[in-house]
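Each chain, written out:
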Amino acid sequence: MSIAADTRTRMITQLDEWQRQAQGNGFFQRVRSAARERLEVIEFPTIKNEDWKYTNLSPFFKEAFQFPGKSPLAKNFDLADKPVFENGYRLVFVNGQYLASLSDIPEAPEKVLILPLTDAVLNHQTQVENILATVSGKVADIFSDLATACLREGVFINIPRNMQPDKPIHIFFYSSQSETPFFAPVRILIHSESGSEATVVEHYMGEDAAIYHANPVTQILMDANARLSHYQLGFESNHAFHISRMAVHQRRDSQFSGWNVNFGGRLVRNDIYIKLAESGSRVELNGLSIAQGEQHIDNQIFIDHAAPRTSSRENYRNIVDDKGHAVFTGRVLIRQDSQKSDAQQVNKSLLLSESAQVDTRPQLEIFADDVKASHGATVGQLDDDQIFYLRTRGIGESDARQMLTHAFANEIVNAIPDEALRNFLDDAVQQRLGEQKSVKDAE
Amino acid sequence: MLSIKNLQVSVEGNPILKGLNLEIKAGEIHAIMGPNGSGKSTLSHILAGRPGYEVTGGEVHYQGKNLFDLNPEERARAGIFLAFQYPIEIPGVNNTSFLKKAVNEIRKHHGQEELDAVDFLQMIKAKMKLVGMDPAFLRRPVNEGFSGGEKKRNEILQMAVLEPTLGILDETDSGLDIDALKTVAEGVNKLRTKENAFIVVTHYQRLLDYIIPDFVHVLSGGKIVKSGGKELALELEEKGYDWLPQIAEAV
Ligand SMILES: Nc1ncnc2c1ncn2[C@@H]1O[C@H](COP(=O)(O)OP(=O)(O)O)[C@@H](O)[C@H]1O
Ligand SMILES: [Mg+2]
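Heads up: the sequence lines are chains R and X, in that order.
If you read the first sequence in my numbering, its first letter stands for residue 0, the second for the next number, and so on.
If you read the second sequence in my numbering, its first letter stands for residue 57, the second for the next number, and so on.
Bound-form chain R, shown alone (with noise of 0.2 Å):
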């Protein structure tokens, strides 16, 4: 048997304990048993696969991840030194698992639902599973299935109509290292009712050498003139593998601004499905991935134009150093009927070493007539007239060469519109750039 089907099998027996000792109320195990079964027919994807051309998974069949529960809970973990938002509403997730005490959610909500899911699913069941029943990604996606065949762990927000939360709402997920490497699936649920304008940051982090697969599945239902501004911030160990999926299902005039970030991890993949549902939709996707030392970063989005008038914006940048391997996958879909859509693709990399890896795929399918559409991709180095320049000015290379890939970034950070983001943003890439830095200077 390949390693891939010996994980799976590994994979599904844990799963099936797992599934016998877990807790939870009916309907979770509703919507386990229903993932478990699909599970019998899905394999892991090879490169084989078309969308994981670029990305090989055998660095992740080498891991034998634990199932949730087994994972120790870290039991003097504190946020004192952990960059945490003062300013928000919080959530914290230790190795996967909720921790109440460090969590900060409006305590007897009845406007504004801020909810771990294991709580929403007592009282709120119906909304949760109407998210569920009406946002669905990718069909057939082992990653996901796995994640929901385990469901459990997680964060319910639902904005009412025409609400504004005061604070923007922060769901910090830390993983912290520990003696067998885990499996961490987690289920972020957001309804942004009518009207309705939010801000919501996922951010992930690791500590420096902890082996862990975070399996994030958002799933995001936008009514009629809603707006939500979406942050995934991935600051994941090195030698982490994070697998994230979120889809996104957009009614009429709605908007979302997506940021995906990217700094950490070994393997990194995010698999992203826009559905532009209803008429006059609108969705602005950025990305920043980093990529240094051996990491892999693959981004795959789907915007589907599935109503007239919808528009569509991404801008995604990579940077790519050492050995690092940045794959961007870019496939637009304007369906017969979606006359008047507008979509706009650039992707564009800066390669700063011999051996960094650039893939990137723009995929437009175009069956109405009557739109717009462009996409670009260039992948570059550094300028050396720009160098020069800075250099004439007393500024040393390595400076030189860091101000200028600090500004290539900055084309995406300087855009977010959340000052206390944006500069939590701006002080992340100088340091992870000084990081690289320091050690090529030591070298």
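There's no promise every hint is true.
[Said to hold, decoys possible] If you anchor each label on the Cβ, the simulated ranges turn out as follows:
id: 1; chain 1: R; residue 1: Glu396; chain 2: X; residue 2: Ala192; range: 29 to 35 Å
id: 2; chain 1: X; residue 1: Pro107; chain 2: R; residue 2: Thr377; range: 22 to 28 Å
id: 3; chain 1: R; residue 1: Gly379; chain 2: X; residue 2: Arg196; range: 20 to 26 Å
id: 4; chain 1: X; residue 1: Leu290; chain 2: R; residue 2: Ser352; range: 52 to 58 Å
id: 5; chain 1: R; residue 1: Gln22; chain 2: X; residue 2: Glu200; range: 56 to 62 Å
id: 6; chain 1: X; residue 1: Gly69; chain 2: R; residue 2: Asp207; range: 49 to 55 Å
id: 7; chain 1: R; residue 1: Asn422; chain 2: X; residue 2: Lys61; range: 52 to 58 Å
id: 8; chain 1: X; residue 1: Ala192; chain 2: R; residue 2: Asp383; range: 28 to 34 Å
id: 9; chain 1: X; residue 1: Asn70; chain 2: R; residue 2: Gly379; range: 23 to 29 Å
id: 10; chain 1: R; residue 1: Ser1; chain 2: X; residue 2: Gly69; range: 53 to 59 Å
id: 11; chain 1: R; residue 1: Glu418; chain 2: X; residue 2: Asn70; range: 49 to 55 Å
It should be emphasised that the hints constitute simulated quantities derived from the structure, not laboratory data.
Since the model is a prediction, treat every value here as computed from it, not as a measurement.
Ideal Cβ placement from N, Cα and C applies to all residues, glycine included.
Given chain R, work out where chain X with the ligands should sit, using these hints.
Using the frame of chain R, we list chain X with the ligands on its own:
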């Protein structure tokens, strides 16, 4: 301060400078004139340390040191400043952080304390006034979307801020209207001391009405073919370059 002896430089195997000699002392202003393609920018670049040129012969000493032992940033820190003929645009790097970094690198080199944000802003605003620049330019990315004249002013601003010992202006006057030209000249004249020197590369004599050179050199075919006082510029203005014998030969 600067001594160039028999300098020979090639680009991709093509000789551009073919035995150039020039001596510059502190307190002097040297104008270098010459037809297009004669090697003026090549000379400016080689003094600033631009990669891609091959020095095939001769030597250059700056303040007694072999210039070619210093990389571009070391030359800048030692007081060499090049105002580019075509200043480079740097999207994503704002003018303030760029200038602050540059100033502090040079201060560090001289064992001075780095300027903090407040002191820096105070200093930079005074210098901007000197070169007639709107402080709004501080927030913009370096040279990006600047007009030709704005880029040139930005070069002079950087020179005013970095206070070089040897300032090299490569056709800073081309493309400038008369007001901008006067501002540039005033900038140079205010910076001028007994301790520093300037090389003013120009195509036109009109700049030299405002920056009075001590020497004028004609560069042609990779060599200095004639040197003189400021009257030479007027003569060139009147007669062009063709009357110089070596030019005919070089063409
Ligand atoms: N990078 C280069 N590659 C090839 N030739 C060059 C390069 N730079 C300059 N040259 C050539 O060198 C000669 C001198 O150019 P330059 O120094 O720019 O002259 P000037 O500034 O006097 O107009 C020209 O013939 C030009 O074509
Ligand atoms: Mg020139």
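Results for each hint:
1. R:Glu396 <-> X:Ala192: 29 to 35 Å: holds, 31 Å
2. X:Pro107 <-> R:Thr377: 22 to 28 Å: holds, 24 Å
3. R:Gly379 <-> X:Arg196: 20 to 26 Å: holds, 23 Å
4. X:Leu290 <-> R:Ser352: 52 to 58 Å: holds, 55 Å
5. R:Gln22 <-> X:Glu200: 56 to 62 Å: Holds, since Gln22 of chain R and Glu200 of chain X (Cβ atoms, about 59 Å apart) stay within the stated range.
6. X:Gly69 <-> R:Asp207: 49 to 55 Å: holds, 51 Å
7. R:Asn422 <-> X:Lys61: 52 to 58 Å: holds, 53 Å
8. X:Ala192 <-> R:Asp383: 28 to 34 Å: For Asp383 of chain R against Ala192 of chain X, whose Cβ atoms are near 30 Å apart, the range 28 to 34 Å holds.
9. X:Asn70 <-> R:Gly379: 23 to 29 Å: 27 Å Cβ-Cβ, so the 23 to 29 Å window holds.
10. R:Ser1 <-> X:Gly69: 53 to 59 Å: The hinted range 53 to 59 Å holds for Ser1 of chain R and Gly69 of chain X, with Cβ atoms some 56 Å apart.
11. R:Glu418 <-> X:Asn70: 49 to 55 Å: holds, 53 Å
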